[in-house]
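Chemist: Based on the sequences and whatever the hints tell you, model everything.
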Amino acid sequence: MYRTSSPSAPEPVTVAAPAPAPAPAPTSTSTPRRLSREAWRRTVRPEVWKRAPVLTGAALLLGLVMLLHAYVPNRFGTVGSLVETFLPWFGLFVPVLAAGALWRRSPAAVTALVLPVAVWLSLFGGLLTDKSRPGGDLTLATHNVGADNPDPAGTARGLAASGADVLALEEITDQDRDVYEEELAEAYPYHAVLGTVGVWSRLPLSDTRAVDIATDVGPLAATKPADVRMAGNRALRTTVATDQGPLTVYVAHLGSVRLNPRTGFWTDSRDRNILALGEVLAADRSERVVLLGDLNGSLDDRAFDGVTSQVHSVQEAAGDGFGFSWPARFPVARIDHILVRGVEPDSSWVLPATGSDHLPVAARISW
Numbered sequence: 001m002y003r004t005s006s007p008s009a010p011e012p013v014t015v016a017a018p019a020p021a022p023a024p025a026p027t028s029t030s031t032p033r034r035l036s037r038e039a040w041r042r043t044v045r046p047e048v049w050k051r052a053p054v055l056t057g058a059a060l061l062l063g064l065v066m067l068l069h070a071y072v073p074n075r076f077g078t079v080g081s082l083v084e085t086f087l088p089w090f091g092l093f094v095p096v097l098a099a100g101a102l103w104r105r106s107p108a109a110v111t112a113l114v115l116p117v118a119v120w121l122s123l124f125g126g127l128l129t130d131k132s133r134p135g136g137d138l139t140l141a142t143h144n145v146g147a148d149n150p151d152p153a154g155t156a157r158g159l160a161a162s163g164a165d166v167l168a169l170e171e172i173t174d175q176d177r178d179v180y181e182e183e184l185a186e187a188y189p190y191h192a193v194l195g196t197v198g199v200w201s202r203l204p205l206s207d208t209r210a211v212d213i214a215t216d217v218g219p220l221a222a223t224k225p226a227d228v229r230m231a232g233n234r235a236l237r238t239t240v241a242t243d244q245g246p247l248t249v250y251v252a253h254l255g256s257v258r259l260n261p262r263t264g265f266w267t268d269s270r271d272r273n274i275l276a277l278g279e280v281l282a283a284d285r286s287e288r289v290v291l292l293g294d295l296n297g298s299l300d301d302r303a304f305d306g307v308t309s310q311v312h313s314v315q316e317a318a319g320d321g322f323g324f325s326w327p328a329r330f331p332v333a334r335i336d337h338i339l340v341r342g343v344e345p346d347s348s349w350v351l352p353a354t355g356s357d358h359l360p361v362a363a364r365i366s367w
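Using our numbering, the letters of the sequence shown correspond one by one to residues 1 to 367.
Hints were generated in silico from the structure; no laboratory data involved. Glycine included, C-beta positions come from ideal geometry on N, C-alpha and C. Check the hints yourself; a few may be wrong.
Claimed, not checked - Pair ranges (Cβ atoms, derived):
(1) L102 - R202: 15 to 25 Å
(2) A99 - D284: 30 to 40 Å
(3) P246 - A153: 27 to 37 Å
(4) F330 - A99: 15 to 25 Å
(5) R104 - Q175: 53 to 63 Å
Modeler: As structure tokens, this is what we get:
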């Protein structure tokens, strides 16, 4: 009898469970979206909009001053005229405030800057483009040659080389008058000088006379002899004969302005002159009128409303940029002007410096 043994049971086999599949990697847009949402949540938090209130207020104040500059009072120190004289430079505060707003991460301050930027562009954006065009029938130039000019002969030669058909000079002194007349005689066969202002022309002049712009006032003004009053004359009117007919030309040098801590922005004599000149222009019925000269002020200044309602700036209509003319070494304001009525401005530009503290300015006009 045989016994058979049972085969031994097989050892159990352990099978490892499959590892869980890794989570899918985030798509390329999920992280930026999360960051964007997080940045938005941080931005709309109320405490963020309370940052840098001084910067926010300063930006709004800057915009309001530029927008409402005509309402800045002149009662104390003629502040309104001072603001308007240097109004274009208020734009320099914008990048300063923008840098502060970004440094403080203040959305309120950044948003507030929209106001001054918009106002500045509405006031001066048009001056950032070149509006000149080729052509023109007549070239005009004006220059305050400066009483302390160390080189009047060189100044005269430089002006003659400008190609101007009609040239106006202001602040001519007795000792320099002969120099200008001699140096300009070849280029300009016609000229007239009355007091401290003069006009030189390639075309015939007629009916030249002094213009009363209330330069000499006071109880003793009427008692002064005519030659004494004429020596201080600062404005004239003449007629230039052109192929298209007569052109009435005014040359004027208005009273100076002063800025000091005691009196503020002193403009009394200039304002008196500009008021009188505005009345003269309003009464002049000439079809074509040009005003050349050193008006000692920006046309943004409210004091010039009586003149700018009668004649218009060639620089604003056909210039390139602001055309600043004073001081010559670092011009910050255009106080030397060419204003017209009844003619078409074609171009306007600033001429190279001379020995004066003013830059000469020029323009071309057509009929």
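Chemist: So, for every hint listed, does it hold in this structure?
Modeler: Verification of the supplied hints:
| no. | hint | verdict |
| --- | --- | --- |
| 1 | L102 - R202: 15 to 25 Å | violated, 57 Å |
| 2 | A99 - D284: 30 to 40 Å | violated, 51 Å |
| 3 | P246 - A153: 27 to 37 Å | holds, 32 Å |
| 4 | F330 - A99: 15 to 25 Å | holds, 24 Å |
| 5 | R104 - Q175: 53 to 63 Å | holds, 59 Å |
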